[in-house]
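**Q** Each chain is listed here by its residues.
2 protein chains.
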Amino acid sequence: MEYIKKENLLRENPRELKVSIGSKVTLWGMVYKIRHMSGFDFLLLQTEKGLVQCVCSQGTDGLENLCENAAVEITGSLREEKRSRMGFEVDVGRINVISVPFAEPPLVINGKKLSAGQKTVLDNRAASLRNEAQRAVFAIQSETCFGIRQFLKGRGFTEIHTPKIVSGSAESGAGMFELDYFGKKAFLAQSPQLYKQMMVPVFGRVYEIGPVFRAEKHDTSRHLNEYTGIDLELGFVTDISQLMSLEWEMLSYAIEHVKSACPQWLEVLKTELPLTDTVPSVTFEEGKALIAQERGYASKDKNDFEPDEEKALCRAIKKQTGSDFVFVTRYKESKRPFYAMDCADDPSLTESFDLLFRGMEITTGGLRIHRYEEQVEKMRRKGLDPADFEGYLTAHKCGMPPHGGMGIGLERLTACLLGFENVREASLFPRDITRFTP
Amino acid sequence: MEYIKKENLLRENPRELKVSIGSKVTLWGMVYKIRHMSGFDFLLLQTEKGLVQCVCSQGTDGLENLCENAAVEITGSLREEKRSRMGFEVDVGRINVISVPFAEPPLVINGKKLSAGQKTVLDNRAASLRNEAQRAVFAIQSETCFGIRQFLKGRGFTEIHTPKIVSGSAESGAGMFELDYFGKKAFLAQSPQLYKQMMVPVFGRVYEIGPVFRAEKHDTSRHLNEYTGIDLELGFVTDISQLMSLEWEMLSYAIEHVKSACPQWLEVLKTELPLTDTVPSVTFEEGKALIAQERGYASKDKNDFEPDEEKALCRAIKKQTGSDFVFVTRYKESKRPFYAMDCADDPSLTESFDLLFRGMEITTGGLRIHRYEEQVEKMRRKGLDPADFEGYLTAHKCGMPPHGGMGIGLERLTACLLGFENVREASLFPRDITRFTP
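Those sequence lines, one after another, are chains G and E. Count along the first sequence from 1, then add 16; that gives the number in our numbering. Count along the second sequence from 1, then add 16; that gives the number in our numbering.
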């Protein structure tokens with residue numbers, strides 16, 4: 017019998033390299049790039065914090081086995097070097113090559129950006145993600161999540177984990193993936209909507225960041241069939257402006273967090289993150305009018321926005337106010353789900369909102385019905401059978417506070433933040449109508 | 017056009033009630049329990065922080081509409097009261113009843129514990145979760161997750177989100193849920209194993225906390241068909257003791273975090289969390305010997321542990337060392353997956369470990385194969401076709417550092433921490449072979 021202690025036995029890079037300038041360090045990482053110069057080699061080492069520039073003079077111990085994509089341990093001294101991105105470089109004393117690749121990568125991965133086409137990039141994800149600009153995207157995505165969690169925790173939200181395998185009585189049969197659950201028909205959850213509502217009387221404020229599945233047959237630059245949903249729900253909310261202010265506080269917090277946590281990754285992507293004190297908010301009808309004005313003609317669909325209309329609205333708002341974001345409120349009742357609360361002053365509209373960001377809808381939210389009879393009545397009106405929602409309606413039966421919430425798509429948020437045209441660029445392993453590998 | 021500001025418009029309870037003693041407060045919550053006394057009423061208000069005792073004298077404004085499970089706003093003054101659980105109570109001035117329930121709950125939810133049977137409890141989850149002891153379980157689970165995330169972030173791990181819909185070329189066809197993906201056969205991911213390995217050369221250290229799907233036909237107290245996996249993977253690891261120490265540091269950190277963040281919930285459950293400086297570690301063979309000694313007979317299965325053997329081993333370890341935990345190492349190659357690294361000194365064994373906790377396996381981990389040829393050879397040896405794993409093997413082809421990791425089941429961890437016999441007690445909405453509702 018042996019004993020395992022609480023101790024850090026890992027081989028790891030110093031937390032802050034800068035403070036080690038002038039002293040000897042040992043670094044672990046993957047060799048990103050080697051450039052042979054006359055009399056010495058430049059080596060870029062991929063570490064958690066980004067690429068570290070290393071200089072090996074000829075005859076450096078271990079140099080003979082070195083190649084790109086090798087895993088190495090490098091010992092050397094850290095010296096100031098203003099021309100390197102980090103402001104320092106490693107004068108390499110010894111290289112220990114720990115493992116070497118079997119073959120060249122199927123695409124060039126160590127350029128500033130990937131130059132291959134999207135199919136090649138996605139087919140070879142385990143290679144393409146090693147590119148510096150790709151890593152930057154997902155480092156920023158990870159810190160965005162972290163910022164959002166930190167904000168929500170500070171506001172008293174409890175993290176929950178709700179099931180992704182759901183029975184037929186979920187939100188709506190359309191657009192759901194079906195699966196065989198031990199001989200019974202089950203579905204993949206389109207959103208944690210019903211569960212997060214059920215949790216409001218339990219915890220008051222809840223959130224979940226997890227996978228969401230949409231079997232929609234859209235093959236566009238804005239759709240994924242599996243994405244990461246940031247879902248939150250809270251009690252004692254009676255006005256959507258409370259939710260919109262909450263979201264704006266949260267996004268601002270997350271963006272500020274990314275700015276301070278990821279300067280090196282923002283630098284790699286040459287991106288500036290938008291941040292304003294306020295966001296304009298228009299009603300659906302006002303939005304339609306702005307779109308007609310922007311495009312010079314009125315759209316046929318009076319009940320919803322087409323993707324092109326969302327883009328036109330964002331252009332109009334940007335011109336008028338300078339804002340990259342715009343809230344839209346008072347969507348039509350016919351286009352919103354059964355749990356949406358109708359407007360007291362006009363039951364053909366709902367107490368709902370979307371947040372559009374640089375032409376794309378990134379959030380849908382609103383107030384929900386909390387009274388049992390009202391919910392049952394609206395289900396019937398929409399042609400749904402309340403008996404299919406028994407577990408959910410138990411919450412309403414037993415009493416619910418007025419509540420509301422929202423769902424944000426993490427990949428869309430990331431894509432818009434970084435100015436991408438295609439949401440696939442913000443998904444590690446995107447799933448679309450033609451792709452579910454690797 | 018209006019403008020939404022970054023401002024907190026929510027109606028929310030004071031962050032720290034204790035500091036408000038002597039002053040007037042407004043609280044929002046659900047009425048958990050009312051006890052009528054002579055001349056006054058006791059009311060327990062469910063808030064995010066736990067139950068707050070409130071005292072209403074007869075004739076208090078709003079009292080006439082009050083009932084259990086109403087959502088209320090209470091204004092009153094906070095005074096010291098040693099006999100109440102929080103050390104204070106609210107002398108109620110006014111009650112504003114915001115919403116009332118439609119019906120009585122289908123089971124008694126405001127006792128100290130639920131007294132209904134498991135089926136009733138799970139069938140009526142939106143009601144039963146409101147019970148104080150149930151809320152305590154999931155508040156503790158949420159803080160466990162928080163502690164783990166905080167620890168991992170501090171150690172340089174990047175959070176990732178990997179797909180749950182995977183192609184046929186996932187870990188193993190057995191025990192996977194199948195679904196129709198736009199006319200093609202797809203599966204639900206049994207674990208993020210292959211993806212997290214692919215991410216090691218990208219970020220060095222990665223983790224994911226997300227749903228994991230197992231189509232296993234076990235109907236036991238230890239199995240869920242969907243659970244929350246805490247998965248991590250890291251590079252430059254060459255010895256499993258590095259991983260075991262890391263896990264022990266992480267669990268100790270999370271347990272300490274729960275102790276400091278959830279004293280009120282631990283009090284509700286009357287639970288003391290185990291915490292020791294070291295954890296014993298035995299090899300699989302030593303484990304078998306200890307089990308034979310404990311049970312008085314040797315088990316027939318020489319290659320794996322039966323659930324009863326894991327229990328017997330934990331009993332033996334507890335007697336010998338006092339520890340609730342035990343690591344087991346050097347599992348048989350035949351029982352571990354294709355990516356497990358074999359022991360250099362005995363290729364019939366693997367560089368792997370499990371962590372057993374109070375009779376139940378809560379973690380499986382180990383070193384993985386990082387060399388391409390070795391991985392391809394082992395796949396063939398195990399009867400797998402490397403061509404089915406092309407996207408995954410791209411990582412090995414392009415070079416990987418030596419690496420390893422582990423997967424922890426959040427529900428099992430919670431259940432063992434809190435001394436539950438059945439893992440379903442640690443799942444908000446459990447999924448088992450007979451249940452996928454609500």
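Honestly, I wouldn't trust all of these hints.
If chains are identical, the list can't say which one is meant, so a pair holds when it fits in one copy or spans any two.
The calculated BS3-like cross-link candidates involving lysine-lysine, where the alpha carbons are at most 27 angstroms apart (straight line), are [as the list claims (entries may be wrong)]:
1) K275 to K169
2) K40 to K335
3) K233 to K201
4) K135 to K318
5) K318 to K65
Honestly, the hints are just simulated from the structure, not real lab data.
**Q** None of the hints should be skipped; say for each whether it holds.
**A** Outcome of the hint check:
no., hint, verdict
1, K275 to K169, "both (20 angstroms within a copy, 17 angstroms between copies)"
2, K40 to K335, "neither (54 angstroms within a copy, 48 angstroms between copies)"
3, K233 to K201, "both (21 angstroms within a copy, 16 angstroms between copies)"
4, K135 to K318, "neither (37 angstroms within a copy, 48 angstroms between copies)"
5, K318 to K65, "neither (50 angstroms within a copy, 46 angstroms between copies)"
The structure shown violates the earlier hints numbered 2, 4 and 5.
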